[in-house]
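Residue numbers 1 to 108, in the UniProt record's numbering, belong to the letters of the sequence shown in order.
No lab work stands behind these hints, which were simulated from the structure alone. Check each hint, because a few of them may be wrong.
[As the list claims (entries may be wrong)] With a Cα cut of at most 25 Å, we get these calculated DMTMM-like pairs of lysine to aspartate or glutamate:
1) 95 with 77
2) 95 with 52
3) 95 with 82
4) 95 with 70
5) 95 with 38
6) 95 with 39
7) 95 with 72
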Amino acid sequence: PQGVTWGEGQTAYVAIGIAASSDEHLGLLRQLTHVLSDDAVAAQLQSDTTAEELRALLMGEKQSEALKLDNETLSLDVAASDLLTLQALNAARLKEVGAVDAAFVSHV
């Protein structure tokens, strides 16, 4: 719970080791990078105490906070001629309210 000293003035709460025979670890690294880029997830790593909570958080199964669906995240009566416009609008809206990060938006 208090973490361990790691490097100069840093505290590590979780250390992850990956053993792979070839490039099979790359997909896992991509997923971990995406999950750990969320500051809320990083903060939650400090408080999760069971192996199951940690596994669920790192696998993206446990949300860092409830997804907010209200007038801030919904856009109605939007004029759009294609799906790409709607995707871009909604991805930007979700980023504005902190529901997704820049990596998510770049994948859209």
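Hints numbered earlier in the text: which of these fail when held up against the supplied structure?
Per hint list: single violation, 2.
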